[in-house]
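**Student:** With chain A fixed as given, assemble chain B onto it according to the hints.
Given next are the chains, with one letter for each unit.
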Amino acid sequence: MSVLAARGLHKAFGALAVTQNVSLEVAAGEVHALIGPNGAGKSSLIAQLAGALRPDAGRVLLDGADVTALPAHRRARLGLARTFQVSALVADLSALENVALAVQARARRPLAPFRRAAGDAALEGPAREMLAAVGLEARAAVAAGALAHGERRALEIASALALAPRCVLLDEPLAGMGHDEAARMIALLGRLRGRFAMLLVEHDMAAVFALADRVSVLVQGRIIACGPPGAVRADPAVRAAYLGDAAAC
Amino acid sequence: MTRALAAALFALLVVAPLAAQAAGNTWLLSLATSAAITAIAAVSLQLVVGTAGLVSLGHAAFLGIGSYAVLILAGWGLDEAALSLPVAMLAAALFAWPTSWLALRARGVGFIMVTLAFGQMAYFAAGALAAYGGDDGMPLDRTPTLFGSALLARPLALHALALVLLAAGVLAASALGASRFGRVLRAARADPARLAALGFDVARTRLIACVMAGAAGGAAGWLMAVQSGFVSPATLDWRVAGRLLVMVILGGAATPAGAMAGAIGLTLIEEALSAVTEHGRIGVGALLLLVALGRLRRTA
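Chains A and B, in that order, are what the protein sequence lines are.
Taking the numbering used here, the leading residue of the first sequence gets 51, the next gets one more, and so forth.
Taking the numbering used here, the leading residue of the second sequence gets 145, the next gets one more, and so forth.
No lab work stands behind these hints, which were simulated from the structure alone.
Don't take each hint at face value.
[Unchecked claim] Each pair of labels, with its calculated beta carbon distance range: (1) A:F164 - B:P230: 17 to 23 Å; (2) B:A430 - A:E187: 36 to 42 Å; (3) B:L437 - A:A65: 45 to 51 Å; (4) A:A65 - B:R333: 32 to 38 Å; (5) A:V192 - B:R333: 19 to 25 Å; (6) A:A214 - B:L300: 44 to 50 Å; (7) B:G252 - A:A65: 25 to 31 Å.
Glycine is no exception: its CB is placed at the ideal position from the N, C-alpha and C atoms.
Isolated chain B (complex conformation):
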């Protein structure tokens, strides 16, 4: 069910450019690209929240670090995607490492609070970057080049790149979830002490997952900056992390495909509702309530 829905929603993003062209509406393509990028972020968060069972409210920091990597490198005259994308991922991973290590010392609600705290620290740090627009953020002078070409400035090419990265991300995350590594993460959700008694270093395994998720979140942030041509602390707002969490949960939390479906679905539903009424968010709230209640009924 989730897989079929995920496949259908992905197919929708694949055909979106045709629909946009037919309707003569570039906004439609931009929406589809944005949905794909958000889905990458949600899939990366699913590894931590769903597979490892660690609820994080700090994922927006990785998106922000990926975005700021584009802006800062561009300021140094380095606007080659082949350089800035790996740097964005590496920077996010380097932030994820010590912060997750500390967050993993805490349990349950403690993990949520520590990730939230680090997310907020990153948010305020970004707002304090006066050279990069402070709280207002800053536009990119130009779109990064891809191997010297101006390809990424074309919305269709960027859309294709986002879809390729999304597909690769979902496939890699699914393989990871089904692997030995994934089995240990999932088994440790209920009782880490038991996994330790078998000889598994649970904290280290979880740390690796958090760092991988951080790196993938950095890639999503990189794409956000390239698509919008603008970087600001708003990307690091904890509400961005909360929205990603809602998407993961909406998708059932158990699989990367579900997280992708949740992200694309919520993005499209929000847009559709806001097109009908300016009070669209009330409708989103009602939808979340229905999904949550439906799940309660199934588990009852």
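The following block holds chain A by itself, in its conformation from the complex:
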């Protein structure tokens, strides 16, 4: 059974249908890439899966359970984590504190009113492990706002890890990265493969073909192809609609 599934999702803003009858399955442990040209509706689809945007029709299933009516924070508690296209860390908290905030979300008393958050070993212990997993342990004390772009994206991954997710929605984790940063992020995601399922929205075709078990292609709100990377790359419709000359990569 798939960890995350979309069934016949539809969303329109006025006359503009950004999601049209989209069905999608992400299997346990799978890396499922979602590609498509700019304006194809990838971010809107991610927002609907995460619960930030309510679809007009269709259902979202998490581990087989219908979560379409649940708000984002309830889906997160059920194991659906996400990273944002624009890094949305708390800039004035340290790297460690940012991950500790995610650990806190899973803690037994996440909103304890008189339990001091700073220096709480119950939060910062696991947070250190997550930082180590993404290679940021040396940057623990640095304010998130002062980290390099690539480090901030890795920190987001660490926060997602802290949620012990079943599935992570990765919204363009390589966006804005230089070649070396991108290579490090691809290696990191490769190491994390299998710990949870990933729905990877990405423009970087090298990353998609290096990581993905399956690729879905979204064009103008519709999925026009879905399958293993090789098959999708060879699909004439995909080549025409999206990859074009870039298919040479």
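**Tutor:** Frame of chain A; chain B shown alone:
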């Protein structure tokens, strides 16, 4: 810096009764008590404005509800502080709950407008209470008793109570701000969607903060009624809320101690300036301008 200033101003309120006695001036003690009570109101507002980052212009409603609780209970022959203070806080919290829930549906300026609207509704509702003096308000027949004693009728005892409640309020608010709860509130200021993605129910967390602030505001209103012996809709005027907001911002908005310093400082400065000139408010305006400009320069 803010902490030292806050501690110094609190110490000033502690020694105020001695100065009042030495000068043979009861007005000085009354001013100090009033500053302490205003500080409680400002500290409660800081939780919403500073920690949660939600600018509210409706905080005067909670003060008014706390004040009217004293008057209404007294009218029923219930003038025991041990009863009326919790009732005042509970009533303010019960008003805060649905109104904040609705205000939290709005964002940014919307939150300001909705809190202002509910504040104005409470203001006009108070003015319509004909049995309690309508627009003119009404004096309390007598000061509430404290466990049956007439202690609160003594200005010094009331001053002590106000200081104890202020100290407790600042300490509790500081602990709350540094807690897990406070961290979520502060983290949600910049990007609530991110906190939701982690699994935090941001709206509910903010609602809890608003209700707590409302209850504490009710306590401040209760103290105002007991001190002045008079309850009127003027307490619910939106300008009262605006003045509290100025105090919180003057104190840097970030900490309860800062809000306390802002409240005591502004109260004393206003009094000092009005003693020198009847145009004292112009001086207050100039001071606010200086503080705002100074802060701009620091952030620039």
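**Student:** Just tell me: holds or violated, for the beta carbon distance of A65 (chain A) and R333 (chain B) against 32 to 38 Å?
**Tutor:** At 36 Å between Cβs, range holds.
**Student:** May I ask you to test the hint 17 to 23 Å on the CB atoms belonging to F164 (chain A) and P230 (chain B)?
**Tutor:** holds (20 Å)
**Student:** L437 (chain B) and A65 (chain A), beta-carbon distance inside 45 to 51 Å?
**Tutor:** holds (49 Å)
**Student:** CB of G252 (chain B) to CB of A65 (chain A), is that within 25 to 31 Å?
**Tutor:** Given a distance of about 28 Å, which is inside 25 to 31 Å, the answer is holds.
**Student:** Do A430 (chain B) and E187 (chain A) keep their Cβ atoms within the hinted range of 36 to 42 Å?
**Tutor:** violated (52 Å)
**Student:** Taking the beta carbons of V192 (chain A) and R333 (chain B), is their distance inside 19 to 25 Å?
**Tutor:** holds (21 Å)
**Student:** Tell me if the beta carbons of A214 (chain A) and L300 (chain B) are separated by a distance inside 44 to 50 Å.
**Tutor:** violated (58 Å)
Comparing the model with each numbered hint stated earlier shows that hints 2, 6 do not hold.
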